[in-house]
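A.B. asks: Here the protein sequences line up with chains A and B, keeping their order. Using our numbering, read the first sequence as starting at 1 and increasing by one per residue. Using our numbering, read the second sequence as starting at 1 and increasing by one per residue.
In short, the hints are calculated from the structure, not lab data. Bear in mind that the values here come from a model prediction, so they are computed numbers and not experimental data. Beta carbons are placed, not taken as given, at the ideal position from N, Cα and C, and that holds for glycine. Keep in mind that the hints are not guaranteed to be accurate.
[Stated by the list, open to error] Facing chain A, according to a computed beta carbon distance under 8 Å, are these residues of chain B, among others:
hint, residue
1, Arg2
2, Ser20
3, Arg22
4, Leu23
5, Val27
6, Pro59
7, Tyr60
8, Gly68
9, Ser71
10, Val78
11, Leu81
12, Ser82
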Amino acid sequence: MSKAALNDAPGVRQSMAWIHGWLGLLAGWILFAMFLTGTASYFRPEITRWMQPEIDLRPVTAATAADTAVAHLQKVAPTAEQWFISLPDARTTATRIFIRERPNPDPNAKPAPRRPELRLAPATGEEVTARDTRGGEHFYRFHFQLQIPHPWGRWLAGLCAMAMLTAIISGVITHKRIFVDFFTLRWSKGQRSWLDAHNASAVIALPFHAMITYTGLITLVAMYMPWPIQANYKDPATFETAVFGAEPDAEASGRLAALTPVAPLIARASKEWGGGTPATMVVRNPNDAAATVTLFQNSRDRLNARGGSIVFSGVDGRQLSTSPPPGPAAETSGVMLGLHTGSFAGPVLRWTYFLLGLAGTAMVGTGLMLWTVKRKRPNAVPFFGIGLAERLNVGAIACLPAGMAAFLLANRLLPATLQSRGDTEVSIMFWTWFGLAALACLRPIRRAWTETLAVAAVAFLALPLVNAFTTDRGLFRSFVHGDWLFVAFDLAMLATGALLGFAAWRAAQISSRPARSRRAAARPANPLREAVDAP
Amino acid sequence: MRLEPALLSYAALACLALSSHRLRRDVAVGRLPTVATLRAFAVALLVLAAWRAIHAFGPYQGPVAFIGMVSMAGLPLVLLLSRWPRGALVTGLAAAAMALGTLIPA
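Generate the whole structure from the sequences, applying the supplied hints.
C.D. replies: So this is what it looks like as structure tokens:
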């Protein structure tokens with residue numbers, strides 16, 4: 001529709017404002033949680049490293065890590081069916097290995113228990129052990145699975161992402177003074193301020209919000225819309241082969257043959273990839289005449305998050321096959337995934353992603369606040385619906401951060417040898433989050449805001465202290481030793497605590513302000529005008 | 001320097017902010033450049049930022065970095081403008097000076 005037609009048709013803008021408000025509200029609480037945990041997930045390996053402070057490894061080259069891992073596997077499982085080796089990079093630091101045992105030929109024998117994933121020090125190949133934790137993986141999984149059984153969590157996340165996309169488009173149409181208001185943020189003006197903050201956080205980072213929402217949906221599109229693939233490929237495996245190349249599936253020959261050294265294979269793959277490095281190495285039928293070694297490229301420094309793979313013979317190192325060069329569709333989907341996860345990003349771009357993610361969180365949060373502030377009449381008992389929305393706002397905006405802080409605190413305070421320790425950490429996050437939200441319902445709404453925000457602030461500010469008392473990697477010592485991950489983590493926790501503390505202080509100020517000035521500040525104007533533009 | 005595009009974007013957005021009516025009224029400093037001059041400056045700085053982004057991050061990540069950093073630069077600018085408009089604009093000058101300073105020896 002042309003701009004002139006839009007200006008002539010207040011009906012369009014009004015209906016867009018209606019869609020924007022209601023979709024934004026209904027999906028908003030989940031979207032807030034998705035934005036916040038997704039933003040944290042840009043530091044997924046770093047969070048995991050912080051949550052296992054016992055492990056402090058120096059990075060080595062991929063070839064060294066592969067050599068030490070293979071040496072370890074030769075000792076513990078020389079006749080396994082398959083070795084998976086996740087090679088470390090500067091961010092993950094540890095090598096991860098997973099062994100698949102050969103199935104017992106006797107059909108009556110009990111299947112061998114699944115071997116757990118192990119971590120190795122990449123320089124020595126020695127096993128490293130640390131406290132059991134889900135680490136950064138927890139926030140990452142929650143971001144799109146919402147701790148709901150498969151496939152319902154992903155479906156709900158997709159539904160909310162669809163609502164987000166609709167809200168972005170309807171929001172842009174609704175907000176006609178988009179560039180005039182670009183730099184406007186007025187404080188202490190009630191509803192006006194929330195509208196300013198919502199506009200500013202949404203418009204300034206609009207390219208990011210649109211990109212992250214769209215690519216998020218596309219990432220899971222094969223699950224949400226499986227039909228094109230089903231219509232074209234009878235068997236899902238045929239599709240996988242067409243896109244990613246055939247996996248070697250030769251049976252073990254039963255003849256012994258020494259495994260070829262893997263470091264030269266990595267050098268050759270790296271050359272073929274123009275300097276790229278492998279992320280994963282899979283060895284099938286090690287020490288057998290039919291052994292193969294598959295190397296999968298990592299996604300660092302490439303927008304496409306899905307790299308190619310090369311299969312080598314495990315006996316003489318011959319190159320057996322290479323994954324097909326990605327077609328336009330595969331390339332597009334890989335780049336979309338890469339843009340969403342920022343897997344290519346170095347430190348500068350990663351922090352950019354992180355800050356823009358926070359802007360997205362702020363956009364959703366201020367939108368939720370705006371919905372209630374706009375509808376509430378001063379000195380009147382709010383309708384049940386508005387009261388409920390307010391309580392849910394407290395639950396999402398103030399109590400989720402408190403829950404996330406509790407997750408990290410539990411990591412430091414639970415005994416290291418506790419049974420199913422990782423799961424307990426996760427439970428503590430949800431008990432804190434929902435428990436605090438329920439407790440807050442017992443308090444008047446203004447006090448509930450101040451108190452829950454203060455609890456969250458104290459929990460974050462306590463993290464560096466608890467870290468200093470329970471590990472030998474406290475802030476001061478990390479600073480002296482140049483342990484920049486731990487320094488940055490502590491500083492980020494202090495900053496988050498300060499921000500939440502500031503929010504609590506503002507909430508306290510507003511609740512102690514006399515009712516008269518609040519009424520003056522929240523004076524309702526023409527409702528359509530309020531929703532549509534800022535005079 | 002990899003943050004150059006962010007500094008240049010901040011300066012560009014500060015120019016754009018200063019070309020808006022409301023802010024011209026609020027920061028009463030002697031003689032302001034005309035709106036057209038400020039906009040021309042902003043465009044020039046944005047072009048420079050895009051060039052530096054592609055220079056630092058390559059042809060594929062460069063555009064991502066450019067768009068991301070323009071957005072990121074807007075966040076502190078709006079927060080500063082809301083509390084301390086003159087400070088925000090002075091910071092814009094400083095950011096431009098820092099970024100251009102690193103360009104000269106190169």
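A.B. asks: So which of those numbered hints doesn't the model satisfy?
C.D. replies: Those not satisfied are hints 5, 6.
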